[in-house]
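Engineer: Let chain A serve as the given structure and place chains B and C on it in line with the hints.
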Amino acid sequence: MINLVPRKEIPLRLTLTTTAVAVGLTLLAGAGIFGILGYDPLAALYQFFIAPVSRGYQVADLFVKACPLIIIASGLVFSYRANVWNIGAEGQMILGALFSGYVALYWGGMPAPLLLPVMILAGVLGGLAWAMIPAILKTRFNTNEILVSLMLTYVAALFIDWTVRGPWRDPMSFGFPLTPMYPDAGLIPKVDLPVIGRLAQLHWGVVGALVLSLVAWFVLRRTMVGFQVKVMGDAPRAGRFAGFSPALVTVLVLAISGGAAGLAGMVEASANIGQLQPNISFGYGFTAIIVAFLARLNPLGVIIAGLVVALAEMGGDSAQIAMGIPKVVTGVFKGILLFMLLAGETFNRYHVELRLPGAAARAAAAKETGGA
Amino acid sequence: MNGSSRPTTPSQGTPLLAATGICKRFGDFTANDEVGFEIAAGEIHALLGENGAGKSTFVKMVYGLLQPDSGQIMWRGEPVTIRSPQHARDLGIGMVFQHFSLFQALTVAENIALALPPGESLEDLSARVRKMSAEYGIGVDPEARIHNLSVGEQQRVEIVRCLLQDPSLLIMDEPTSVLTPQETEQLFDVLRRFSKAGVAILFISHKLEEIRALTQRATVLRRGRNIGTVKSASRSSKQLAEMMVGTSVGDIDRQARPSDGTVALFAVTGLDRAPETPFATPLRGLSFAARAGEVLGVAGIAGNGQDELMEALTGEWTGRSHGVITIDGQCITREGPSRRRQLGIGFVPEERNGHAAVPGMTLSDNALLTAHSLGSMVDRGVIRNSVTRQMAAEVASAFDVRLPQENPMASALSGGNLQKFVVGREISRRPQVFIVSQPTWGVDVGAALFIRRAMLELAASGSAVIMISQDLEEIFAISHRVAVLHDGAISAPMVTADTTAETIGLLMGGSVPLDNAGAGKGDAA
Amino acid sequence: MLEDLILTVLMTSVPLVYAATGELVVERSGVLNLGVEGMMLMGAVAAFGVAMVSGSLVLGVMAGAIAGMLTASLFGILVLGFATNQVATGLALTIFGTGLSGLAGAPLIGKAIEGLPQISLPVLSDLPLVGKLVFSHDLLAYGAVAMVAVVAYFLKRSRAGLVLRAIGDNHDSAHALGYPVLGVRFAAVLFGGFMAGIGGAYLPLMLTPHWAEGMTAGRGWISLALVVFASWMPWRVLVGALIFGGITIMQLAGQAEGWTVPSQFLSMLPYLATIIVLVLISRNRDFALANSPACLGRAFRPGK
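Chains as they are written, first to last, in our numbering: chain A, 3 to 374; chain B, 547 to 1071; chain C, 14 to 317.
Bound-form chain A, shown alone (with noise of 0.2 Å):
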């Protein structure tokens, strides 16, 4: 049995550690399960998480594949730390970018230098709307924002895919499910600096990522905004008592995740892919709720959990090319790590005491013969 006694104050120092060590175990986990399927335990690690940044403009395309999961998990950060579980995060990102899509598609004559900041407004808005959905349905019928969420990203994938293969197919396309290209000024340029020139793919979305988290980092830490959002996480009937609406801050974070994965979607699209495909999003949305776990709900942390998993990501990519192990791999990785954190969040918040079975009643016993 194992018994659990709450901590009354969680130190720094064990969080990191108990972080630290939730990653150790998952590589030595990982590297039993190459083992066991035939691969060199140490050289697939190697080609996993050390071949994929071995070069300068690899660590650039790191902060390019982190960029959308560090925009979405900020904003779940919001949503799950006032207890509010978005999951649909996938569906809004979709959103976003058909939304924005949209603009630069059928807008995209607009003056050059508005076309950008309309599609960030409108793939805000996308992602916003479809987050509309389950905090209408929870606030004013009780709906399961989980169930909901997840349904809908459902029903955005369908829409997507209906969207590209029907209307909005660019007819020049070949029969292939995509839409024409977007227009120049719908791309986001990538970072050119004066003397050092391109980084590789770095673009200015991931400069606009690292902002936001670190501006999510401040509203939640600092402002009004997110103190409502924890005192309803933690204790909603303290936040009711304290005159903070249940409902504004459950439409509140969900408008939040919601905007934020809808602008990952809009990036995506506009700063990687340049046009719409049936698959923006190859699970972002879903591999964000991990950053935003292994971050432990903090959205500076966002930003290096972003790229860890990231990395595991692209460290998929390496070794299926190198070594043959199937890409799937990398969910291996995320569920383990994932189940990792989890349980070391239960060693921060309490004393994990392991109890064999019958240790008790034995060790009575030995006291009892010792005293006689």
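Please note that a few of the clues may not be correct.
Heads up, simulated SDA-like pairs for lysine to any residue below, C-alpha to C-alpha not over 20 Å straight-line [claimed, not checked]:
(1) A:329 x A:39
(2) A:329 x C:122
(3) A:329 x C:193
Calculated from the structure, these hints are not laboratory results.
Structural biologist: Here is chains B and C on its own, set in the frame of chain A:
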């Protein structure tokens, strides 16, 4: 300690249950420290102590819910390790819990079946329940679903459930806390009958008169230690109270009665509220007013609308109602908690953890919780940490809140210290109106005294204090006038000094209609 | 033609019935396991692998069930032993199961199982009209109906079912009465894995005789929706599965017939229907109180 607590009455032969040297620790907190205890067959034995004295911990070990860290339990003279409640029931130990352990979504019969050994069909069981409830005059319908029953009915289900197990030791954890004085008498009759039939009853309470009326012996616990076992009738309530709290109980001088002419500062007129869940009590046209300079007590048994009333007063609930709430003549019926605070009202709800305070947040954040709308703490949406910290520190020093470290989390404080903090947080702002529910529930005597004095001082300075309390002793100790809440309705306020506990008790139990309250006395005051 | 269509509908709903009935028991005990998709995939890959190697359908199904249970046990240890967040752990289980099944199934891609015997009721299935519809199913399809009946009886009539419902309603009280809350929940979680594993096994063994990465294609999530759709009542799971299965097939058939409604919109229907049912259930507070497990998703720690 166990050595010193020899029973004062010789029991015939071996005691039914004897515990010696029982210790139980939770982390660094010692809940039971070398507790010794004996109960004989057919004896009604009180376990007396304040909240947190270790009574619950001790009986949980007797009932197999917890395992002692050390010590020995003897059952009918044989040493036993009570592994689980199941094992306890097999031995013949039954327990009625203070907070009901019923399953709301299940029927009465299903609930009872869960506490009995398997093998009996639900139909047979229902028949037995009907027979027993007829025998003892306890009305219980086996087909009813629990969530449709009142609090009193639910307790009857608990008792029937225990009795059907045919126990030789029945543990009752504060069974009267939800009962009217009259219902309490009925319960005592039933218990006495069982005692005559040879059933031992371990009766947990902190109500001294009840203990003297019902039990033969009392064992007193204080801070996890056995202070002694005495013949209940041989001690006065005051002596028992002193054993319980350790020091001589200080009396509070009630302040002079506020002058009759003072105007109503805070008034509620015709407040009604439809129940939103099957468990809620509807409010039925409540009207009362609190005057400057007085403490208005609202007496009543738990579950008669206290929570619903408190939510309406704080503004946590502002739903559809015909009622009007005013402060100083200004209507605040539709205003939320923040606006009401801005108008000079301070609130402390009953539950400290998760309602009055957020356990996982620091005291400075908990200071911000009820002061964020009052000016200096927030600047254009950004929290001013220096101000919140300073306020938390000031409240802590002014209200004798003992801090384990600087600006700790609320969960790191003991119940009494946290209660002093949440009361101090409001009173230090000198609110015009102070509304509090159960101000000293579950806190140590020292803290209770401190809090009651602070409320009286606030009233003396010209504020109106409304105190919802289930503790009649507390009501009589500090309130100038008292109104009774029963079944969602409220009586006219009566001058406390002109009334008696018996009168209030009858009103609380609904034996006397509320509109007969005080028969003009209250209004004349 | 119509007969075949109905038959396909019935077959499509079989895995949903298994997975949803298992999850229903889990949720009735107060645990929300969002990892159904992962458990189904693990069941599917184990079933396919073992059936291919051994040539035995029975062994394959058993392997699927065991794989589902093993996967579920991981969830159980974390959520019950370590009191981790159920939502996050369930998601992790799906991600993990999807990954591990893909990894383990990589060598199986492109292989097919040849000549597995169809187990059906020989004489009856030759009856005209109803014969084919009612009797020409594999045993697993009957098993699905039987499991629903067993679970319905278990929950409503049996002592153990009463204990399980009690634990889902109020785990503190159940603990106070001495019932092993975590033990019962762990058993329920294992049963959920067992059923999801069989549901998963049905896919590569019966529906499409091959293995593909992520071949459950969201059926685990649909099963979760189905439990809510059925408002935690076993027989309604059966009805709901037929409706959901019917929609899936209708969309495939529609595609073949060249219907004007794009197939994507038909595919959306189960998800939209679930949302509507969720709203209807949530609006009715009394109904929700009496039927949805009050402790769903809440962690339990013994000893306060």
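Engineer: Decide, hint by hint, whether the structure agrees.
Structural biologist: Going through the hints against the structure:
1. A:329 x A:39: At roughly 14 Å apart (the allowed maximum being 20 Å), residue 39 (chain A) and residue 329 (chain A) satisfy the hint.
2. A:329 x C:122: 14 Å, holds
3. A:329 x C:193: At roughly 42 Å apart (the allowed maximum being 20 Å), residue 193 (chain C) and residue 329 (chain A) break the hint.
The structure fails to meet hint 3 from the earlier list, while all remaining hints are met.
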